[in-house]
Structure formats: structure tokens, C-alpha cells
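Residue numbers (the working numbering), protein chains in the order written: chain A, 2 to 319; chain B, 2 to 319.
Everything labelled a hint here was simulated from the structure, so no lab data went into it.
Please note: incorrect hints may appear among the correct ones.
Chain copies aren't distinguished; within one or between two, either way the pair holds.
Unchecked claim - Derived lysine-lysine pairs resembling DSSO-like cross-links, with alpha carbons at most 30 Å apart:
1. Lys34 to Lys291
2. Lys72 to Lys34
3. Lys18 to Lys291
4. Lys135 to Lys72
5. Lys34 to Lys18
6. Lys228 to Lys291
7. Lys291 to Lys128
8. Lys295 to Lys34
9. Lys18 to Lys228
10. Lys18 to Lys193
11. Lys228 to Lys297
12. Lys124 to Lys297
13. Lys72 to Lys291
14. Lys228 to Lys124
15. Lys124 to Lys295
There are 2 protein chains.
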Amino acid sequence: MPVPDLHTIMDAAERIKPFIHRTPVMSSAGINKLLGTEIIFKCENLQKAGAFKSRGACNAVFSLDAEQMSKGVGTHSSGNHAQALSRAASLRNIDAYIVMPETSPQVKVNGVRGYGGRITFCKPTLKAREDALKEIINSTGALEIHPYNDYRIIAGQATAALELIEEAGEPDIIMVPVGGGGLLSGTALITKYISRNSMVIAAEPEMANDAFRSFHEGRFIPSENPKTIADGLLTSLGSLTFPIITEYVDDIVTVSEEGIISAMRLIWERMKILIEPSSAVPLAAIMENKLDVKDKRIGIILSGGNIDLDRLPWLTHS
Amino acid sequence: MPVPDLHTIMDAAERIKPFIHRTPVMSSAGINKLLGTEIIFKCENLQKAGAFKSRGACNAVFSLDAEQMSKGVGTHSSGNHAQALSRAASLRNIDAYIVMPETSPQVKVNGVRGYGGRITFCKPTLKAREDALKEIINSTGALEIHPYNDYRIIAGQATAALELIEEAGEPDIIMVPVGGGGLLSGTALITKYISRNSMVIAAEPEMANDAFRSFHEGRFIPSENPKTIADGLLTSLGSLTFPIITEYVDDIVTVSEEGIISAMRLIWERMKILIEPSSAVPLAAIMENKLDVKDKRIGIILSGGNIDLDRLPWLTHS
Chain A
2 MPVPDLHTIM DAAERIKPFI HRTPVMSSAG INKLLGTEII FKCENLQKAG AFKSRGACNA
62 VFSLDAEQMS KGVGTHSSGN HAQALSRAAS LRNIDAYIVM PETSPQVKVN GVRGYGGRIT
122 FCKPTLKARE DALKEIINST GALEIHPYND YRIIAGQATA ALELIEEAGE PDIIMVPVGG
182 GGLLSGTALI TKYISRNSMV IAAEPEMAND AFRSFHEGRF IPSENPKTIA DGLLTSLGSL
242 TFPIITEYVD DIVTVSEEGI ISAMRLIWER MKILIEPSSA VPLAAIMENK LDVKDKRIGI
302 ILSGGNIDLD RLPWLTHS
Chain B
2 MPVPDLHTIM DAAERIKPFI HRTPVMSSAG INKLLGTEII FKCENLQKAG AFKSRGACNA
62 VFSLDAEQMS KGVGTHSSGN HAQALSRAAS LRNIDAYIVM PETSPQVKVN GVRGYGGRIT
122 FCKPTLKARE DALKEIINST GALEIHPYND YRIIAGQATA ALELIEEAGE PDIIMVPVGG
182 GGLLSGTALI TKYISRNSMV IAAEPEMAND AFRSFHEGRF IPSENPKTIA DGLLTSLGSL
242 TFPIITEYVD DIVTVSEEGI ISAMRLIWER MKILIEPSSA VPLAAIMENK LDVKDKRIGI
302 ILSGGNIDLD RLPWLTHS
């Protein structure tokens, strides 16, 4: 399967349309004034299952033929892909086997259970996740749907930026957070196809800066002991996402933990919407002056809104 | 000035259009499933200045002629009307004098300051508020814009339900919270004019049940020492709102404090939007089985989203 082209992404958009929200784009006059720029937020926190991951998961699951479907699907995920895949599988009436790190937020565990996913917990390392999943796949015959290292997933995630550009025109800069790189890869591809003059800039926590280092050093560097409040961004880039990112992304910048919390709180207070810490990373980069935004129009994809309301970072983080 | 008719409300809608958001209507498959009904939420928490109050305030301020405007406007408000009036006044470059109870949430005080309102604090009683405002009006010549006991305000607030009905069709039931009754009066009027078959049902905290008692006993009973987490609903009905409510509202029900907190949290978790406690009161009534909602389509106006993020009720309430 080749890197998704425009046709593949448009097909994905058609395929998933009945199963996802066309999420709103929003702006905040207050935030624009505060930061001296114009930001258009694509609200994937309001997406089905609370994150953009529903796009890729639906595209992958609804691409399967009858035989591929019969034994179900499986994945490992720190949370949002797990919920999204469980939901997509339930929409097609097939099983979803989910390996989750035992450190996953309770709200994400509950979400997976609510969509009927079958959970196996493991240690919070990539190796433990992969081993547990391999065992499940061997015993059930389920098909693995990787959270990001899969072109069907990447094509699905690309549809968020597609809608953003359709609705808001061509921004000067499009920003997304980067974890495994599925959203970033899809965003970079569609932007290249339909909004050539837009720069694509990813933001990543300093405390999980593998994509930043991989991008700037030009070689794959895995994530080691990442410790960030942005629990959706703990993973390393994949063999499919890294080359796309190397070729099509303009820059990757990093932000502090405090910056993430401030940006998250600013969005909650000014826009009255819930976002999870990972979603706040691009705005944090702007607030920490990691890129030149003066007089620019910036599109930011708010990646998700799944957060434990008993553990808000500005109340518990120290 | 007579009770606003359809023409007056449509005029208000035109007048305020450039200055407010047409807020989205949203549904949650999860909440509908949980409660066995279909609820359409009109998201005035995403309104300018964070509440439906921007509608009435803009209608009042943009109705003023040059002479009325010249000395500014004044009001007393527990918060959202204060922000909304300050914002509307700043849009017309006139002064806004705001009397606020000293117990107002900090986020609302900051909001008023952010819009350039001039604040005078007072004791949290109706009498203290009225006395302080009278003094300011005597010394400045400002025009009082009452938070709810004013037909221009009522006509403005009516436009929220107008948009809800335009967008979602005629619901079986339309629900709003009731404090002073501005939103409820406007909602009841427009519903009578354009959606005759819809019932209008208000919900009120048990701990501030003056509207409930006034409605059911058929005589005006003021609010005395209300102690509810729904800080937008502490006020008594007014001489203009009570008669409209008596004539056009189908029922008023009350809810517990625990019910308000549960409903608020449910909306945060499932819909990923911030609402303040007052907004949760209608959903709380459904969750507490205070009305028959089976197989009904229900429109609920989420009145506002201004809340202190350091003091979330499920973390601080005991």
C-alpha cells in the first residue's frame, strides 16, 4: 500500500462520514487578542469518542472485507485510539481486543468498556504493549489496527485538516500535537495536496521529545521514559509516519509542562470547551514563542477531550 | 412598553445578530441513551461573554438613542448580565457601571473588568444591590438596565429559543433554568408565538425555589436566603417576568444540589463542554425524574459557562 494520495484521503472522508461528527471550527476573540494572532481551532475534542482517533479507526474498520472482519480487531493504545477502535468495531458488530497500559486514565478505560472493547492491561512500555497484543492476536486471529503506523489510519486522521481547510480557507500555519505521528502525517499530506502554501508545524512536550529529536537529527530516535502530562503523546514515531514527517513537515517545536497546563486552562476558560493536555500543546508553543505567529492565520487541531475530571492538572500538578 | 410580541423579538434578533454568536445546538448519543430520551442542547455557554445574557444586554444597549446613551448604563448582577452589559457597552463606547455582590465568583469579576465595566461591590442581598445602584445612578445619570425585569432584555433572551426552534424544529418540551425569569419569559413568549405545541418547563434549585412557589401558589414570593451552587439563579422573579411566566409557562420543577452537580458533570464528561451549575438545572430535573420525558424531544438551553476552574463543585462541595 502506498503513501495515501489525495484520492485515498477523499475516499476515507466519504467512508467515515456517516460515523463521525463534522466537528465545529471555533475562534476566541479573547485568545486572539491576547496572543496577537488569529487562531482557528478544529474541535476534535467534540468528535465521537472524544478525539480525532475516531476518524482513522472508522476508516480502517470500514475498509475491512468480510473475511478480515470475522475475527475482530486488536490494538494497543494509551487511550483514545482504544476507545475509537472499540466504537468503530461495535458499529460493525465485531470484537475489539484492546491492550492498554495500566497507567491509562480511568476515564479512557471506562470509555473503552462503554464501547464494548475487551481490555488487557500491561506495563506502560512499548515492548509490554506489543508483546501483550501479539499474544492476543495469536490466540484469537484478530487483525491488528495499529494506532498510527498504518496508512488507513493516517488517511483517516488526514480528514480533520481537510475539513479545517475546507471550512476556514488556507491558513498560514497548521499546527497539531505529535505523539506517534498519525495525525501529523495525515495533516502534512492533505496540506501538501490542497493547501500548498500552508506550513505544517508540530508541537511536542519537551518531556517526550522523540519526534523533535528524530526530525532535527534526521534519524529515528525512540521515546524513552517520557514523563509528560500529555498522556496521548507518549509514543514514538513509526516506520510509516517518520518518513512522511521528514518529507512534508516544516518544523517540530517543544513546550514545557507548565506551558501545556497554561494553554489548556486558557482554552477551557475562554472557549468553554474541555480539552485534554495533549490538545493544548500547539497553543502552548505559541504562548511560549516557539514560532513566529504575528499577523498569521493559524489552524490548530484540538486533538481530544478525554480527561479525568477528578484530576485537573492545575489542581494536582506540582 | 407592552409585552414583546413576535415582531419585537424578530427585531431584537436582527439588532443583535452582528454582536453575538449563533451558538451551536448539540446532542449526545450517550446522554440520550442513558436517559431514554432525545435532548437537543442550545449551547449558550459558548455565547459571547459566556452566557445567553449577551443577547438581552446587546438588545437593550443597541436600542438606546444617542441621548440615552450619553451617560452610560448601570446594573446590578450576580455576574453574567454584568459581563454581558459591560461588553455591550464597550461595543458602543459607553460606560457600564456594575454593582456586584461581594460573593461573586472571581471569574465573573475578572470578566467584567476585562470588558471595561466599572465595578462597585455590595452585600449579597437584593436590597444592598438596589441601594448601591441607585446611588451610582443618582451621581452619574447612567441608565439602569435591569438584568431581567426589562422588556428589551426579555426580547433579547427570547432569541436563544428562537434559534433553537429554527434549527431543531419544534421540540415536545423546551426547558430552561429560572432565576429572575428573563430567559424563561423570553423563551415562553417565543415558544407561544412559533412553536405552540411545545411545552415550556422551567427548572429551579430546591434551595432557591421562589419561582416554583410563586408559580404554584399564584402569588409573588421573593427569594429569601437562597443557598444554591447555581449562583446565577439566586434572584427573585420580577414584576414583568412573573405575569408572563404565570400565563405562558407550563410547569416549574425543582432539583437537589446533588442533582445539579451530577448533571453538570455528565455534560462536561459526555459533551466536552464547560457549563456553569445554573446551566445543569434542567438536565438535573430530567435525571431526577421530575417530568415525563419518555420518547420526547426536549430542547434545553445551556445558559452559561462561566465557572471558577479552581473550585469545581465535585471537588469542593460537601
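When no copy is named, should Lys228 and Lys124 be tagged within, between, both, or neither for a Cα gap of at most 30 Å?
Within. Shortest intra-copy distance 15 Å satisfies the 30 Å Cα cut-off; inter-copy 47 Å does not.
At most 30 Å between CA atoms: does that hold for Lys295 and Lys34 within a copy, between copies, both, or neither?
within (11 Å within a copy, 46 Å between copies)
As a check of your reading, is Lys135 near Lys72 (CA-CA no more than 30 Å) within one copy, between copies, both or neither?
This pair counts as within: shortest intra-copy Cα distance 14 Å, inter-copy 74 Å.
At most 30 Å between CA atoms: does that hold for Lys34 and Lys18 within a copy, between copies, both, or neither?
For Lys34 and Lys18, only the inter-copy Cα distance (22 Å) is at most 30 Å; the intra-copy one is 35 Å.
Intra- versus inter-subunit Cα pairing at 30 Å for Lys72 with Lys291:
neither (47 Å within a copy, 46 Å between copies)
Please work out whether the CA atoms of Lys124 and Lys297 approach to 30 Å or closer within one copy, between two copies, in both situations, or in neither?
Neither: 43 Å inside a copy, 46 Å across copies.
Is it within a copy, between copies, both, or neither that the alpha carbon of Lys228 lies no farther than 30 Å from that of Lys297?
neither (32 Å within a copy, 48 Å between copies)
State whether the alpha carbon distance between Lys34 and Lys291 is at most 30 Å within one copy, between copies, both, or neither.
within (18 Å within a copy, 44 Å between copies)
At most 30 Å between C-alpha atoms: does Lys291 with Lys128 qualify within a copy, between copies, both, or neither?
Result: close neither inside a copy nor across copies, 33 Å intra and 52 Å inter.
Between copies, within a copy, both or neither: which fits Lys72 and Lys34 at Cα up to 30 Å?
between (53 Å within a copy, 28 Å between copies)
State whether the alpha carbon distance between Lys18 and Lys228 is at most 30 Å within one copy, between copies, both, or neither.
Neither. Shortest intra-copy (36 Å) and inter-copy (47 Å) distances fail the 30 Å Cα cut-off.
How do Lys18 and Lys291 come out at 30 Å by Cα distance, when the copy is not named: within, between, both, or neither?
Classified as neither: same-chain Cα gap 35 Å, cross-chain 37 Å, threshold 30 Å.
Checked against the numbered hints given earlier, the structure breaks hints 3, 7, 9, 11, 12, 13 and 15 and satisfies all the rest.
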